[in-house]
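Here is how the chains run, residue by residue.
Number of protein chains: 2
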Amino acid sequence: MIPSEPILREVENIDWEVHLAARTQRMKSSVIRELLKLTMQPDIISFAGGLPAPEVFPVKEFQDACNKVLETSGPMALQYGPTEGFPPLKADICEQMAKYCILVEPENLLVTSGSQQALDLIGKLFVDANRNIICSRPTYLGALQAWNAYEAEYHAVPLDDDGMRVEMLPDVLKKLKKPGLLYVLPNFHNPGGTTLTQDRRDYLVELARKHDLVIIEDDPYGELRYEGEDLTPLFRMAPERTIYLSTFSKTLAPGLRLAWITAPKPLIARFVQAKQGADLHTGTFVQHVAHEVLASGFIKRHVRKLREIYSSRRNAMLDALTEFMPDETYWSKPEGGMFLWVRCNKQIKTGPFLEKATKFKVAYVPGFAFYPNEEGGSSSMRLNFSYSDEDTIVEGIRRLGTAMKEELAGS
Amino acid sequence: MIPSEPILREVENIDWEVHLAARTQRMKSSVIRELLKLTMQPDIISFAGGLPAPEVFPVKEFQDACNKVLETSGPMALQYGPTEGFPPLKADICEQMAKYCILVEPENLLVTSGSQQALDLIGKLFVDANRNIICSRPTYLGALQAWNAYEAEYHAVPLDDDGMRVEMLPDVLKKLKKPGLLYVLPNFHNPGGTTLTQDRRDYLVELARKHDLVIIEDDPYGELRYEGEDLTPLFRMAPERTIYLSTFSKTLAPGLRLAWITAPKPLIARFVQAKQGADLHTGTFVQHVAHEVLASGFIKRHVRKLREIYSSRRNAMLDALTEFMPDETYWSKPEGGMFLWVRCNKQIKTGPFLEKATKFKVAYVPGFAFYPNEEGGSSSMRLNFSYSDEDTIVEGIRRLGTAMKEELAGS
Chain A
1 MIPSEPILRE VENIDWEVHL AARTQRMKSS VIRELLKLTM QPDIISFAGG
51 LPAPEVFPVK EFQDACNKVL ETSGPMALQY GPTEGFPPLK ADICEQMAKY
101 CILVEPENLL VTSGSQQALD LIGKLFVDAN RNIICSRPTY LGALQAWNAY
151 EAEYHAVPLD DDGMRVEMLP DVLKKLKKPG LLYVLPNFHN PGGTTLTQDR
201 RDYLVELARK HDLVIIEDDP YGELRYEGED LTPLFRMAPE RTIYLSTFSK
251 TLAPGLRLAW ITAPKPLIAR FVQAKQGADL HTGTFVQHVA HEVLASGFIK
301 RHVRKLREIY SSRRNAMLDA LTEFMPDETY WSKPEGGMFL WVRCNKQIKT
351 GPFLEKATKF KVAYVPGFAF YPNEEGGSSS MRLNFSYSDE DTIVEGIRRL
401 GTAMKEELAG S
Chain B
1 MIPSEPILRE VENIDWEVHL AARTQRMKSS VIRELLKLTM QPDIISFAGG
51 LPAPEVFPVK EFQDACNKVL ETSGPMALQY GPTEGFPPLK ADICEQMAKY
101 CILVEPENLL VTSGSQQALD LIGKLFVDAN RNIICSRPTY LGALQAWNAY
151 EAEYHAVPLD DDGMRVEMLP DVLKKLKKPG LLYVLPNFHN PGGTTLTQDR
201 RDYLVELARK HDLVIIEDDP YGELRYEGED LTPLFRMAPE RTIYLSTFSK
251 TLAPGLRLAW ITAPKPLIAR FVQAKQGADL HTGTFVQHVA HEVLASGFIK
301 RHVRKLREIY SSRRNAMLDA LTEFMPDETY WSKPEGGMFL WVRCNKQIKT
351 GPFLEKATKF KVAYVPGFAF YPNEEGGSSS MRLNFSYSDE DTIVEGIRRL
401 GTAMKEELAG S
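Protein sequences, first through last, are from chains A and B.
All letters in the first sequence, in the order written, are residues 1 to 411 by the working numbering.
All letters in the second sequence, in the order written, are residues 1 to 411 by the working numbering.
Hints are supplied without guarantee of correctness; some may be wrong.
[Claimed, not checked] Each computed EDC-like pair below joins lysine to aspartate or glutamate, with the alpha-carbon atoms no more than 16 Å apart:
1) Lys60(B) - Asp64(A)
2) Lys265(A) - Asp64(B)
3) Lys178(A) - Asp15(B)
4) Lys178(B) - Glu17(A)
5) Lys68(A) - Glu84(B)
6) Lys68(B) - Glu84(A)
7) Lys60(B) - Glu71(A)
8) Lys60(A) - Asp64(B)
9) Lys210(A) - Asp15(B)
10) Lys178(A) - Asp64(B)
11) Lys28(A) - Glu84(B)
12) Lys210(B) - Asp15(A)
13) Lys265(A) - Glu61(B)
14) Lys28(B) - Glu84(A)
15) Lys265(B) - Asp15(B)
16) Lys60(A) - Glu71(B)
These are computed hints drawn from the structure, not numbers from a lab.
The model shown is predicted, which means the values in this text are computed figures rather than measured ones.
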């Protein structure tokens with residue numbers, strides 16, 4: 001019945017742009033992801049991505065888990081599942097959260113397809129045109145991407161070594177006509193590398209209560225602490241108004257796309273509605289497999305290993321920066337996580353400078369990518385220290401320093 | 001550092017509702033998914049879900065594929081991946097589409113986390129407040145759910161045995177001030193069970209060209225044809241303005257959450273931007289595994305098996321309906337897919353009647369769930385015939401018929 005001659009591979013299209021919703025004007029492709037493509041030449045040392053070290057992924061454990069899941073509950077694991085998430089995995093997450101003295105029940109959780117989906121669902125539930133989002137600058141690029149699509153308006157205060165400069169918030173809040181969302185990355189900030197001090201956490205919660213703000217606590221790296229002691233999660237301090245996000249992407253593997261939202265029960269019911277419309281539910285099979293891998297305390301042992309490896313890499317990067325960076329360059333000293341932030345000599349514009357850096361076979365993410373509306377960060381960059389081994393890190397930083405020095409000499 | 005006394009499990013919450021975006025008033029939990037929970041008692045025969053038969057899932061093939069993927073490319077398969085999708089899987093999809101004489105290149109494809117995500121991304125790109133969506137009534141519930149969240153406005157024409165009543169569209173289109181989206185389920189309509197005839201397809205395309213409409217062709221069941229011959233996809237007839245959706249949920253397994261969008265290249269670039277903000281990318285691991293399962297023509301053999309099983313089940317249901325339904329009951333005779341639609345005697349209101357049906361240990365989805373704004377379908381229901389075996393189907397329809405006859409006698 002179907003005519004057998006092939007259709008044209010590319011026909012003259014209608015003008016799609018006239019059909020698009022107004023919000024698409026705010027939606028852009030992630031600078032990071034586009035960059036990743038450009039820097040994927042094998043001879044480039046890239047500090048641009050946010051990739052965990054693949055050689056540490058527990059491949060053998062996954063294989064055992066896949067076999068067990070398919071042998072014992074194959075049909076169930078391949079079938080549709082509940083939007084809320086696979087109950088045994090939710091029980092695992094409750095257990096994991098208890099470590100931070102966050103005692104929640106499965107009904108306080110929604111399993112999401114990565115933390116990026118959690119950010120999108122927050123956008124869907126909370127962000128209207130010109131909705132106020134209070135955040136740090138720089139801030140997490142993925143959050144900007146998610147919320148730009150809902151036409152958010154950002155009010156940002158700078159970061160320093162102690163995290164978001166909360167003392168600048170009252171002035172910002174005074175100007176807002178309606179309450180807003182307060183977006184915080186308290187531990188090992190992406191891209192800043194900084195951790196919000198306990199005093200600042202206290203003050204933040206005080207402000208949130210006074211101004212009736214919803215707190216979004218984004219904590220993908222909490223487990224990856226290499227020194228110092230855990231600080232109190234905001235969720236624990238203000239559970240009545242906090243939405244807490246975390247993920248298995250950094251502790252197990254990002255290719256599963258498994259993360260979760262912790263929130264009060266009535267709000268989880270709303271998130272479930274939003275997720276039904278967004279992707280029905282997160283993959284049943286990967287949830288079964290993750291539950292199997294997590295059995296018998298695997299993650300605790302695995303995180304210990306990750307901490308060891310990543311902290312050595314962080315140290316290698318910090319030492320190399322000291323050795324190779326030109327004068328008037330400053331960088332954060334993260335106590336955990338995967339990133340650090342470099343403020344270069346003001347003469348270096350990290351956007352255009354990237355071309356020179358790739359000629360020196362090294363890559364990073366220019367700072368502007370992490371600023372709402374790209375306003376700021378023109379002499380800053382984000383470096384990832386989790387992906388490359390120590391020798392590669394030292395060589396990459398050497399190349400970066402050389403390129404910078406040449407740039408400064410030439411200008 | 002973290003205080004060790006537990007936080008309250010449930011604290012007095014802030015009033016979340018005042019913080020929510022206006023669009024959340026349109027977002028409701030799916031009637032089907034809530035129903036599914038209620039009807040999950042093991043002694044109920046449920047025709048309510050849209051579940052494939054789990055006993056046919058290729059569990060062994062998945063196990064072999066998982067082992068091969070993890071042995072040969074474990075770290076890659078567990079790492080972050082490109083938003084566009086895993087290239088070898090996209091090549092598989094191109095090959096599959098070629099069967100319908102749709103010749104596309106990988107750049108015409110975006111892998112999505114189930115077709116539900118494709119519908120959500122269409123909403124994000126195209127649907128503004130009061131955006132016109134032209135569809136059938138009844139129509140697919142998941143599409144309503146996805147687009148309600150973007151405040152769509154629906155203009156619906158009835159279905160008959162030949163699909164959407166396209167001759168009623170000119171009157172609808174006359175009233176629209178701006179162009180809109182035309183949402184079509186041409187093959188084995190969910191919930192209607194009908195297939196759009198070739199004449200109607202021709203006329204639909206003519207109208208779309210005249211009124212500059214974007215066509216959304218949702219085709220999850222295309223492979224599951226039990227009689228008759230394939231008709232020409234709208235994408236093939238009007239590739240310049242059609243977005244074609246399909247999925248592995250019905251042919252492989254829904255628990256993977258793997259589907260795809262086919263569209264002109266410039267539009268795929270827009271979809272990629274939207275997906276980056278929505279969930280970064282679809283799971284790497286399940287894409288690797290699906291590619292492995294698809295190797296050496298597996299799906300062709302498997303679909304043959306599915307067709308055999310589902311067509312027997314469809315026949316069993318059709319025969320049982322003839323035997324057990326009361327007078328003045330009409331149902332569609334689907335040539336494929338997983339559902340049929342029953343119009344009951346007008347005295348039966350399928351919403352309230354569901355309570356009686358569950359007392360008779362049988363369940364269905366009331367028709368109103370498939371109507372925009374729930375306006376219509378009050379005496380109709382959707383029945384699924386893919387999940388239960390033939391004996392169970394006959395017994396379930398017997399129960400349903402008995403309940404209906406009692407209802408009619410009592411009223």
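Quick rundown of the hints versus the structure:
no., hint, in the structure
1, Lys60(B) - Asp64(A), "holds, 15 Å"
2, Lys265(A) - Asp64(B), "violated, 40 Å"
3, Lys178(A) - Asp15(B), "holds, 14 Å"
4, Lys178(B) - Glu17(A), "holds, 14 Å"
5, Lys68(A) - Glu84(B), "violated, 31 Å"
6, Lys68(B) - Glu84(A), "violated, 31 Å"
7, Lys60(B) - Glu71(A), "holds, 9 Å"
8, Lys60(A) - Asp64(B), "holds, 15 Å"
9, Lys210(A) - Asp15(B), "holds, 14 Å"
10, Lys178(A) - Asp64(B), "violated, 56 Å"
11, Lys28(A) - Glu84(B), "holds, 15 Å"
12, Lys210(B) - Asp15(A), "holds, 14 Å"
13, Lys265(A) - Glu61(B), "violated, 39 Å"
14, Lys28(B) - Glu84(A), "holds, 15 Å"
15, Lys265(B) - Asp15(B), "violated, 45 Å"
16, Lys60(A) - Glu71(B), "holds, 9 Å"
In this structure, the hints that do not hold are numbers 2, 5, 6, 10, 13, 15, in rising order.
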